[in-house]
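In order, the protein sequence lines correspond to chains V and C. Residues in the first sequence are numbered consecutively from 1, following UniProt numbering. Residues in the second sequence are numbered consecutively from 1, following UniProt numbering.
Don't read these hints as lab results, they were simulated from the structure. There's no promise every hint is true.
[Unchecked claim] Subject to a maximum C-alpha distance of 20 angstroms in a straight line, what follows is the list of computed SDA-like cross-link-like pairs (lysine to any residue): (1) Lys76/C to Leu194/V; (2) Lys562/V to His161/C; (3) Lys43/C to His161/C; (4) Lys562/V to Trp75/C.
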Amino acid sequence: MWSDQDLVEVLRSSVPYCLVVALPLLILLSPVPVDAAAEFTVFRLQQYDLHGSAHGKAPPHGCLVCLGQPVCYVGHGSRSSVVNVEARSLDAGSVARRCVLARLVDLTPGHYHRLITQGAAALLILLPVNLTALTQEHHQLVLEVEAAMLEADTQMAVFLAHETLELLHIYEAVRTATNTDAATSAAAAMMGSLSTDGYQIVVAGSQSKLVADMTVANIQGKLSGYGVEEQLPTIAIVAHYDAFGAAPELARGADSNGSGVVVLLELARIFSRLYASPRTHPRLNLAFLLSGGGYINYQGSKRFLEDHLDASDSPLLSETHYTLCLDTLGSGHSLRLHVSKRPKDSSPGHHFYQARTSIHIQTDLPGGPHCLRHSGRTAARPVCCSFTALEEEGAKAGISVEMVHRKINLQEDTQAWEHEKYSMRRLPAFTLSRLQGPRSGERGSILDTPDTIDLAALTRNAAVVTSALLRHIYNTSVDGIFDDGLAVTEKSVRSWFDLITSQPRSPQLLSGKNNPLVTNLHQILTRYTNEARVTYLKADKRDPEWVFYDVTQATMAAYAVKPAAFDFLLTMGILAYLGVIYVFLQFFPKIYTMMVRLASPHKTKAH
Amino acid sequence: MAGSPAAGRNTCAEELVKTTVDFGDVMGMSVVLSRVPGAGHIKVLITGLGWAAADLLLTRALPLWVGARGLEFDWKYIQISLDANISLVHHLNLALLVWLWWRADLAPPVRPITAVLLAACVYRPLLPQVLALLLGSRPVGFTLLAASATPTLCTALIASHIFITHTAGQRSA
Chain V
1 MWSDQDLVEV LRSSVPYCLV VALPLLILLS PVPVDAAAEF TVFRLQQYDL HGSAHGKAPP
61 HGCLVCLGQP VCYVGHGSRS SVVNVEARSL DAGSVARRCV LARLVDLTPG HYHRLITQGA
121 AALLILLPVN LTALTQEHHQ LVLEVEAAML EADTQMAVFL AHETLELLHI YEAVRTATNT
181 DAATSAAAAM MGSLSTDGYQ IVVAGSQSKL VADMTVANIQ GKLSGYGVEE QLPTIAIVAH
241 YDAFGAAPEL ARGADSNGSG VVVLLELARI FSRLYASPRT HPRLNLAFLL SGGGYINYQG
301 SKRFLEDHLD ASDSPLLSET HYTLCLDTLG SGHSLRLHVS KRPKDSSPGH HFYQARTSIH
361 IQTDLPGGPH CLRHSGRTAA RPVCCSFTAL EEEGAKAGIS VEMVHRKINL QEDTQAWEHE
421 KYSMRRLPAF TLSRLQGPRS GERGSILDTP DTIDLAALTR NAAVVTSALL RHIYNTSVDG
481 IFDDGLAVTE KSVRSWFDLI TSQPRSPQLL SGKNNPLVTN LHQILTRYTN EARVTYLKAD
541 KRDPEWVFYD VTQATMAAYA VKPAAFDFLL TMGILAYLGV IYVFLQFFPK IYTMMVRLAS
601 PHKTKAH
Chain C
1 MAGSPAAGRN TCAEELVKTT VDFGDVMGMS VVLSRVPGAG HIKVLITGLG WAAADLLLTR
61 ALPLWVGARG LEFDWKYIQI SLDANISLVH HLNLALLVWL WWRADLAPPV RPITAVLLAA
121 CVYRPLLPQV LALLLGSRPV GFTLLAASAT PTLCTALIAS HIFITHTAGQ RSA
């Protein structure tokens, strides 16, 4: 419809001006494509709040931190999950509003606190490929750093990532870049700072928010004894199945408490066979509890006790011999039985305690009270005989079993061992562990990986526990009972272990009604016990004791960027080049006539 | 010519055959030249500039748009832009040579030179490989730019000289 001439006219008049305005606008407004030098998965530090008292006092107590709030919350971990800053290395001069890249072995608690006070925006910790190959010193240092990171909360975003070649390359580049402070001359330093590659670290995504309606699941099962269930005594076996660590996604918890869960499942398997046959059906109940929230002050056990002691319709815990809690049994050559309190004179075991000579006391009933060998120890009767059973079975297997007595400090808000929850409710309980003390730092660390477990030792410990229990229940030595599938084999231990350590088990990752691990454990307990069920518990709505935040994993992108001065210089260079071209075009007619004049002498000569 | 030793690269003979197809460019330019109204150097200018603009838009606009706006800096975008400048001169050369070729009154001694220059222009994509054979290693980055700028400039000078001597006869002395 338009003729060529009209089109040319329009183009000639309007397009250049449109382009001058439209093109820069288009460039500015269009979204920048994402094309990074390197992108990698990073795991964020824990972020959680616990009900209070780092100060040792119940709220409200007028402390400046709480400032009139009804509850005192102590935050832990890192509060920030979004990063968009430049990278610096650990030994750089000023790290304010920068992301610091550091290797795990170079980081100390002192460095960490220095970074916080200097106002670093983020910290990326590079984890060595083989976490088990650390020296003893480094191992201890890592535990200290973990404790320092989780002790208090900070606005600095802390991420952990596995070292890859790419990441190491970036780390080296950043390290050499910031070391130009030691350059020879000012000019060299300036040239260096202009031309080196900096890195911009970007973690996109949203700011972390708290996990709404976080649930903690208890999985319990029961094997009923021969007779009327309500009238029979109970032995409860408890292990918490969650894990902890500096980063939730790295909390494998192989030893603590994967090993405890493995032993519990083995016990369930073996005892389900014994309870199935009428010949070996003992006259006592066995209750199995896989408690959640072990690292948030044993919430699972607390709820279990509330359900079965406070609610009067459940006879399960009405008469317990003892509660055996299993925690960290994965390696080593000794076991410790941790108990909380000495029995009072009026306890049922008093008559037994009085008999100091070696009298064998036996009764006819296999489930009844007995002690094969009185050892004269000052402990509650069932604890005593299970301890002697353990001691003897341990000696047979070549490990030493000792009893460690630690009083419960009722002033403290948190309990060190799981049995303390039961002891506080006046139930006899103890925890079996290979650890000397509850706060050795080995529990709840990211260094607790599946490679650190000695499967042979775990199998042996499981066998010792099983035979001690069998001895206690059946009042007989158990050599000869380990045939046709009742023995603890390394194969079955390995399969339980692989199942439980196949994923990270930090409490916020196990939340939700359909968590696969919880479903799996429920299915296993359904197979081996009766009335297996899952109980979900949540924190109180108005006054929650524990609050966890999400964003445990993110993708970090590192862009290689040049400093701003370089961009400026480059712009000047391009403008100079364009200026030269412009001048050339302006003078082109003169150049042309000069070329004509150079060419024409040939012509005039020919003429 | 011996075949290129590196695996995955075509031999020189294959590359030669592939580049011969670029004579279609010459045909296309002839067609455009005949359709553009005008006379003399304005025709050459219009054709060359238009061809170079199309080449820029179709070849280089997309990489620059996608890559150069990101956070990261890479020297290759500067090189692409400078290469666009060089290809502008190259297309102007090509337009000039094609126009000269189709002039009926071109002096006979000049025709072979024009033909050789045309062939050199058409086979320009083979330049990196030729240089690799001569120097031993394939030039990259700014050295490649300098290496492709030199023949282009030389061709420009020679072609413009031919043009000047050709049109000198049409100017009043």
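To see whether the hints hold, each was checked on the structure:
Taking the CA atoms of Lys76/C and Leu194/V, the gap is near 18 angstroms; set against the 20 angstroms cutoff, the hint holds. Restraint check for Lys562/V and His161/C: not satisfied, since their Cα atoms lie roughly 45 angstroms apart, outside the 20 angstroms limit. For the given pair, Lys43/C sits about 17 angstroms from His161/C by alpha-carbon distance, which is consistent with the 20 angstroms threshold. Taking the CA atoms of Lys562/V and Trp75/C, the gap is about 11 angstroms. The hint holds against a cut of 20 angstroms.
Hint 2 alone, counting from the list given before, is not met by this structure.
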